[in-house]
Amino acid sequence: MSLVIPYAREDAGQPPSLYPDYRSTVLRSPRQPLVHIPPTLTEVTGPAGCWDRLMGDALADLTAQHRAPPQGQRIVVSGRVLDETARPVPDTVIEIWQANAAGRYIHSKDDWDAPLDPNFTGAGRVVTDGEGRYRFVTVRPGAYPWGNHHNAWRPAHIHLSLLGPGFATRLVTQLYFPDDPLIEIDPIANAVPMPYRQRLVVRFDIDTTVPNWALGYLFDIVLRGRQATPMEDDHGH
Amino acid sequence: MATDNRGLDNQSQELFGQTPSQTVGPFFHYGLPWKGGADLVGQSGMGARPDLFPPEHCVLNVAPPHARPEGEVIEITGRVIDGEGQPVPDAMVEIWQANAAGRYASPDDVRSDVPLDPGFIGFGRAATGADGVYRFRTIRPGRVPGAGNVLQAPHIAVSVFGRGLLKRLATRLYFAGGEGNEEDPVLALVPAERRATLLAEPQALGAWRFDIVLQGDGETVFFDL
Ligand SMILES: [Fe+3]
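Chains as they are written, first to last, in UniProt numbering: chain A, 1 to 237; chain B, 1 to 225.
Extracted from the complex, chain A is given alone in its bound form (with noise of 0.2 Å):
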């Protein structure tokens, strides 16, 4: 017998599947309702502490992977990974891509006709530390154009990845910038209800801020919690 300690359900600021401005959920999206299953040792458990002997090295400076520093703003990203109760959540890995300073992707698929950086891939890892901190250096993307609809613009942003302790917490998200006037424009951001789209969006800190070198910005990432009270397996279904 085991013990299983249950993660929160999604909160309110969760966006729904279908989002219908958003053209590409419309076919993309679950029609049936989904089938709620109590958690058991498969969803509590996640590949964690082990990222490293399943992806290999931290990769923190996505600004130093080529000859020569990338076109830019360098700015700094930092902040700590929590739960839902603000404890951290130490060791775990986050994934980090984006676009160079032009808003474009090095992805082959990517056809927009703006400037490829051979300086900048856009891709890098890190790990929080034992408080769930994390820090990670890089340029400032572009805004680009998408085909959603006419005029279409993604606001800058950074997409990140967590696996967090568990399956049942795996998170991909989107930060954005402050003062960034296509954020409420953009239907994956305003996917997300407001006030908790704002969650999303970066604040600068001349604390973070690195004298004469970059610009900072302060990013928590709070992942599901879990639940006070442990659940023993055989309480039944």
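I should point out that these hints are in silico values taken from the structure, not numbers from a laboratory.
Incorrect hints may have been included.
[As the list claims (entries may be wrong)] Facing chain B, a subset of chain A residues (Cβ under 10 Å, in silico):
no. : residue
1   : L27
2   : R170
3   : I206
4   : T209
5   : V210
Beta carbons: idealized from backbone N, C-alpha and C, even for Gly.
Guided by the hints, dock chain B with the ligand onto chain A, whose structure is given.
Just chain B with the ligand now, kept in the frame of chain A:
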């Protein structure tokens, strides 16, 4: 008058709560699926899509070496299909499973009476190809306990991500004809007429087929965890 929340941001205490999910978008291939990520058994490059970006930008795709795990090697392939029956060429599929003995390589599986396998983690990631097909090589998992102290049937937890998926979709793969399917407590929660969507079908020896239908006829059962 509408409340103006635009002054709030990630650091606003009154907004503290789960970080909202967002789509992986169409351009995740150089950042997420790593070479070997879909091969939980060997050292191949399975899982990555190096055809989608220049080799000098392959900065992350390193699969560290690992020992050969215990158990029966299986291959799982399937297509991710949208609501019009079209393949989804930009989906990402992840799996999480127990080893052959039924133990998870996780600090939260504290059962010391079931052995860990130093050659097996049980997490994999694959990107679909232009034809919507994904492929994993792994081992057939053992049984793990579930609610009611009933052993669950062998199964693999599956996550699906993609352009147009604002949230990860979670499902499970069971093996058609597998031991314990009849009394599995999770399968029992699924309406009988939809259970077949969770059953991988045997192909050639050791090969299993598991299509994932995002919407419409034969829509895969997705779970609210
Ligand atoms: Fe993007």
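Structure-based check of all given hints:
1. The interface hint given for L27 of chain A holds, since its Cβ lies 4 Å from the closest Cβ of chain B, which is under the 10 Å cut-off.
2. Because the closest C-beta pair between R170 of chain A and chain B is about 6 Å apart, less than 10 Å, the hint holds.
3. The closest approach between the C-beta of I206 of chain A and any C-beta of chain B is roughly 13 Å, which is over the 10 Å cut-off, so the hint fails.
4. With a least beta-carbon distance of about 15 Å to chain B, the hint placing T209 of chain A at the interface is violated under the 10 Å criterion.
5. Look at V210 of chain A: its Cβ only gets to about 19 Å from chain B, farther than 10 Å, so that hint breaks.
Hints 3, 4, 5 from the earlier list are contradicted by this structure; the remaining hints agree with it.
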